[in-house]
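Engineer: As a plain string of letters, each chain reads:
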Amino acid sequence: MKPDGRDTGGRAAYPLILPTWATLGIFFLLPLTILFLVSFGQRGTYGGLKPIEDFRTYVLSGKFLANYARSLHPIYLQIFWRSIWMAVATTAACLAISYPIAYYIAIVAPQRRRGLLLGLVVVPFWTSFLIRTYAWMFLLRTEGLINRVLTGTGLVAHPVELLYNNFAVLIGLVYGELPFMILPLFASLEKLDLSLLEAAEDLGAGRAAAFRRVTVPLTMPGIVAGIILVFVPSLGQFIVSDLLGGAKTILAGNLIQNQFAVARHKPFGAAVAFELTAAVLALLFAYTVYTRRKGQDVLL
Amino acid sequence: MSSAAAPSVGIRSLTKRFGDAAAVDAVSLDIRRGEFFSLLGPSGCGKTTLLRMIGGFELPTEGSISINGADMTRTPPYERPVNMVFQHYALFPHLTVEENVAFGLRYKRVPRAGEGKRVADALALVQLAGFGKRRPDQLSGGQRQRVALARALALEPQVLLLDEPLGALDQKLRKEVQVQLKHLQRSLGITFVFVTHDQEEALTMSDRIAVMHGGRVEQVDEATRVFERPATEFVANFMGASNFFAGRVREAVNGTVALTLKAGGEVRLATEGVQYRVGDDVRFVVRPEKLDLRLRDLSGHGVPSLPVTIEDRVYQGVSTVWIVRDRADERFVVYEQNEKPFEETSKFTVGGGAYVCWNARHAVVIGGGAERQ
Chain Z
0 MKPDGRDTGG RAAYPLILPT WATLGIFFLL PLTILFLVSF GQRGTYGGLK
50 PIEDFRTYVL SGKFLANYAR SLHPIYLQIF WRSIWMAVAT TAACLAISYP
100 IAYYIAIVAP QRRRGLLLGL VVVPFWTSFL IRTYAWMFLL RTEGLINRVL
150 TGTGLVAHPV ELLYNNFAVL IGLVYGELPF MILPLFASLE KLDLSLLEAA
200 EDLGAGRAAA FRRVTVPLTM PGIVAGIILV FVPSLGQFIV SDLLGGAKTI
250 LAGNLIQNQF AVARHKPFGA AVAFELTAAV LALLFAYTVY TRRKGQDVLL
Chain U
0 MSSAAAPSVG IRSLTKRFGD AAAVDAVSLD IRRGEFFSLL GPSGCGKTTL
50 LRMIGGFELP TEGSISINGA DMTRTPPYER PVNMVFQHYA LFPHLTVEEN
100 VAFGLRYKRV PRAGEGKRVA DALALVQLAG FGKRRPDQLS GGQRQRVALA
150 RALALEPQVL LLDEPLGALD QKLRKEVQVQ LKHLQRSLGI TFVFVTHDQE
200 EALTMSDRIA VMHGGRVEQV DEATRVFERP ATEFVANFMG ASNFFAGRVR
250 EAVNGTVALT LKAGGEVRLA TEGVQYRVGD DVRFVVRPEK LDLRLRDLSG
300 HGVPSLPVTI EDRVYQGVST VWIVRDRADE RFVVYEQNEK PFEETSKFTV
350 GGGAYVCWNA RHAVVIGGGA ERQ
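Residue numbers (numbering that gives the first Met the number 0), protein chains in the order written: chain Z, 0 to 299; chain U, 0 to 372.
The following block holds chain Z by itself, in its conformation from the complex:
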């Protein structure tokens, strides 16, 4: 309660948060709820939802969990496992490539060139992601640019198989997610007080030690934000694996897409999608608890 009697913390504030709740409710909570409910259903003969005759026996017989049970089959577990390690590899590669780039733009490059360099990072967004992924196909395929150069210069006798394997998918994922790692890293590196690095050197720390003991801990919020921004979408990717992996590399994203678009098994697709969402939420929750316990700012 403010001294002038206005109760800004209470009911008066409701109209102000209403738009937020409405947006979240319509575009996030509602679809998620529908997805959640569908995941307990059964596939109808023509791809729709099969009506449930006796709700009580359906629940008690445990049939409502059939889709989740099915997702634990080794074939699907293998897909989940591949999705996870691909997402981890993508995130690691993005971090390794992005940190030096972000460091250069934020700290080394002269101030007046920063805008241009950042612009170059964002430029790919002007072109559709689908088209850019097709472009990779032209680069990587057997008669593509890379193989032409390799055979033309005589480095290899026969074209190398670059497309339609895990490696190609990884390249596509790393390429696509790179800006999402560079931007948060840049944001936190730009805020870094350079006199702290001088202080570290003054106290006897060499360049590497100063980086490890000062730069990395202080840019940790950017690192974590980048990891989350890259890891989460990589886990659900299906365009890249579809185009660059051919039929060989199926990720969780492809599985879900297949269930909805090809196999027309919506309840199973919903169950897998929900598992993926739950896994990501659990990871984010664990991160939040961890940072709270350490007394640091929670980013999300």
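Hints listed in this document are in silico derivations from the structure and should not be mistaken for laboratory results.
These figures come from a predicted structure and were not determined experimentally.
Built from N, CA and C at the ideal position, the CB exists for glycine as well.
Incorrect hints may appear among the rest.
[Stated by the list, open to error] SDA-like mimics (lysine to any residue), calculated; alpha carbons at most 25 angstroms apart, straight line:
{"#": "1", "chain 1": "U", "residue 1": "Lys-107", "chain 2": "Z", "residue 2": "Pro-216"}
{"#": "2", "chain 1": "Z", "residue 1": "Lys-190", "chain 2": "U", "residue 2": "Arg-134"}
{"#": "3", "chain 1": "U", "residue 1": "Lys-289", "chain 2": "U", "residue 2": "Gly-239"}
{"#": "4", "chain 1": "Z", "residue 1": "Lys-190", "chain 2": "U", "residue 2": "Glu-57"}
{"#": "5", "chain 1": "U", "residue 1": "Lys-132", "chain 2": "Z", "residue 2": "Ser-194"}
{"#": "6", "chain 1": "Z", "residue 1": "Lys-190", "chain 2": "U", "residue 2": "Arg-133"}
{"#": "7", "chain 1": "U", "residue 1": "Lys-132", "chain 2": "Z", "residue 2": "Glu-197"}
{"#": "8", "chain 1": "U", "residue 1": "Lys-132", "chain 2": "Z", "residue 2": "Val-215"}
{"#": "9", "chain 1": "U", "residue 1": "Lys-132", "chain 2": "Z", "residue 2": "Pro-216"}
{"#": "10", "chain 1": "U", "residue 1": "Lys-107", "chain 2": "Z", "residue 2": "Glu-197"}
{"#": "11", "chain 1": "Z", "residue 1": "Lys-190", "chain 2": "U", "residue 2": "Gln-142"}
{"#": "12", "chain 1": "Z", "residue 1": "Lys-190", "chain 2": "U", "residue 2": "Thr-95"}
{"#": "13", "chain 1": "U", "residue 1": "Lys-132", "chain 2": "Z", "residue 2": "Val-288"}
{"#": "14", "chain 1": "U", "residue 1": "Lys-107", "chain 2": "Z", "residue 2": "Phe-210"}
{"#": "15", "chain 1": "U", "residue 1": "Lys-107", "chain 2": "Z", "residue 2": "Val-215"}
{"#": "16", "chain 1": "Z", "residue 1": "Lys-190", "chain 2": "U", "residue 2": "Pro-135"}
{"#": "17", "chain 1": "U", "residue 1": "Lys-116", "chain 2": "U", "residue 2": "Gln-157"}
{"#": "18", "chain 1": "U", "residue 1": "Lys-346", "chain 2": "U", "residue 2": "Asp-325"}
{"#": "19", "chain 1": "Z", "residue 1": "Lys-190", "chain 2": "U", "residue 2": "Gln-86"}
{"#": "20", "chain 1": "Z", "residue 1": "Lys-190", "chain 2": "U", "residue 2": "Tyr-77"}
{"#": "21", "chain 1": "Z", "residue 1": "Lys-190", "chain 2": "U", "residue 2": "Ala-167"}
{"#": "22", "chain 1": "Z", "residue 1": "Lys-190", "chain 2": "U", "residue 2": "Pro-92"}
{"#": "23", "chain 1": "Z", "residue 1": "Lys-190", "chain 2": "U", "residue 2": "Gln-137"}
{"#": "24", "chain 1": "U", "residue 1": "Lys-171", "chain 2": "U", "residue 2": "His-182"}
{"#": "25", "chain 1": "U", "residue 1": "Lys-132", "chain 2": "Z", "residue 2": "Tyr-289"}
{"#": "26", "chain 1": "U", "residue 1": "Lys-132", "chain 2": "Z", "residue 2": "Thr-290"}
{"#": "27", "chain 1": "U", "residue 1": "Lys-107", "chain 2": "Z", "residue 2": "Arg-206"}
{"#": "28", "chain 1": "Z", "residue 1": "Lys-190", "chain 2": "U", "residue 2": "Gly-166"}
{"#": "29", "chain 1": "Z", "residue 1": "Lys-190", "chain 2": "U", "residue 2": "Asp-136"}
{"#": "30", "chain 1": "Z", "residue 1": "Lys-190", "chain 2": "Z", "residue 2": "Arg-206"}
{"#": "31", "chain 1": "U", "residue 1": "Lys-339", "chain 2": "U", "residue 2": "Ile-309"}
{"#": "32", "chain 1": "U", "residue 1": "Lys-132", "chain 2": "Z", "residue 2": "Leu-196"}
{"#": "33", "chain 1": "Z", "residue 1": "Lys-190", "chain 2": "U", "residue 2": "Glu-98"}
{"#": "34", "chain 1": "U", "residue 1": "Lys-132", "chain 2": "Z", "residue 2": "Leu-195"}
{"#": "35", "chain 1": "Z", "residue 1": "Lys-190", "chain 2": "U", "residue 2": "Glu-163"}
[Stated by the list, open to error] Covered by chain Z, according to a simulated footprint, are these stretches of chain U (three or more residues, beta-carbon under 8 angstroms):
{"#": "36", "region": "64-77"}
{"#": "37", "region": "89-100"}
Please arrange chain U on chain Z, whose structure you already have, making use of the hints.
Structural biologist: Positioned in the frame of chain Z, the structure of chain U alone reads:
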């Protein structure tokens, strides 16, 4: 390598250019062991650049730096036996006070077991025992400044560099810390090189002061001499002695000159070894607090007196500032201590006439002589 005779910091024709502009221009200085040495000057005079070169954060364009006799011109900061207290302290925000102070100990090969004691000692030195577990953002400005000091002193440097470390503190705290710092420096016996733009601060703490201007050192001297006997017009002005008198040498004998003042009248001055010839133009300065305002002409008694018109009076409580103008239209400032009740001192009126008098010993000759090209 360090010999007992070598200066703590030896600077030889040190120059730093940024593009075409020389931030530090051919500076040579010897900073003695265990002295409190201040680099004083307005912003942009090159004092911070000079300090940063001693610390190793800027590489000189020309010249050399030695510390206790060992050449350090190109040595990186982490290998120099000096430590710095940064302007905004540069405390690591992600570490506690203890961790900040302990940061450099591992590079000094301090055994882990001794680390705790070194940290505790350093914190006790700056009266921050018991603050070890806090984070920098939980401290006041004064406490942060002391942590920065403890962090540097924990490494037992041979030279401590301080880059305007009191700039962020309020006036009252500043005065206290000045005295504490001076005490600390004396008891530790470490060479302090202190950068400041505040002449009062420099005078309060320093054994010697180098006054810098435009990348050059105008004067290096003991604090009292920089104040009382400024070598150049810039130093005189910067130290607040704004009363410049101009005259022509009428007679020069045995280290004294007789001058005919521009505004009329004659004065005799000691020239401190500088040779003048008859006809030379000479400028000299007398500090405002060393000028005296009188109703009568005292030149008959051998006291230099200059007739002036009183232009303004500024009452400042402890003192009164008189602004006066002589017949050559030069302005002078006279400080008068308000020792007596105000009514008794108001014998001068604005717009009225008076005489500005001074003791000949307090007149400092500036420029014009043979010594000053």
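Engineer: Are the Cα positions of Lys-107(U) and Glu-197(Z) separated by 25 angstroms at most?
Structural biologist: Given pair Lys-107(U), Glu-197(Z) holds - Cα atoms ~17 angstroms apart, limit 25 angstroms.
Engineer: Can the restraint linking Lys-190(Z) and Gly-166(U) be considered satisfied, given a maximum Cα separation of 25 angstroms?
Structural biologist: holds (23 angstroms)
Engineer: Are the Cα positions of Lys-190(Z) and Gln-86(U) separated by 25 angstroms at most?
Structural biologist: holds (18 angstroms)
Engineer: Do the alpha carbons of Lys-107(U) and Pro-216(Z) lie within 25 angstroms of each other, as the hint requires?
Structural biologist: holds (23 angstroms)
Engineer: Is Lys-132(U) close enough to Thr-290(Z), meaning Cα to Cα at most 25 angstroms?
Structural biologist: Given pair Lys-132(U), Thr-290(Z) holds - Cα atoms ~19 angstroms apart, limit 25 angstroms.
Engineer: Would you mind confirming whether the straight-line C-alpha gap from Lys-190(Z) to Glu-163(U) stays at or under 25 angstroms?
Structural biologist: Holds, at about 23 angstroms.
Engineer: Would you mind confirming whether the straight-line C-alpha gap from Lys-190(Z) to Arg-134(U) stays at or under 25 angstroms?
Structural biologist: It holds: about 19 angstroms lies between the C-alpha atoms, which stays within 25 angstroms.
Engineer: Check the hint pairing Lys-190(Z) with Tyr-77(U) against an upper bound of 25 angstroms on the C-alpha distance.
Structural biologist: Between Lys-190(Z) and Tyr-77(U) the Cα gap is close to 24 angstroms, so the pair holds against 25 angstroms.
Engineer: Holds or violated: are the alpha carbons of Lys-132(U) and Glu-197(Z) at most 25 angstroms from each other?
Structural biologist: holds (24 angstroms)
Engineer: Is Lys-190(Z) close enough to Glu-98(U), meaning Cα to Cα at most 25 angstroms?
Structural biologist: holds (22 angstroms)
Engineer: Regarding the pair Lys-190(Z) and Pro-92(U), is the alpha-carbon distance no greater than 25 angstroms?
Structural biologist: This hinted pair holds, its Cα atoms lying about 13 angstroms apart.
Engineer: Going straight from one Cα to the other, do Lys-107(U) and Phe-210(Z) come out at no more than 25 angstroms?
Structural biologist: Within the cut-off at roughly 19 angstroms; holds.
Hint violations for this structure: none, all hints satisfied.
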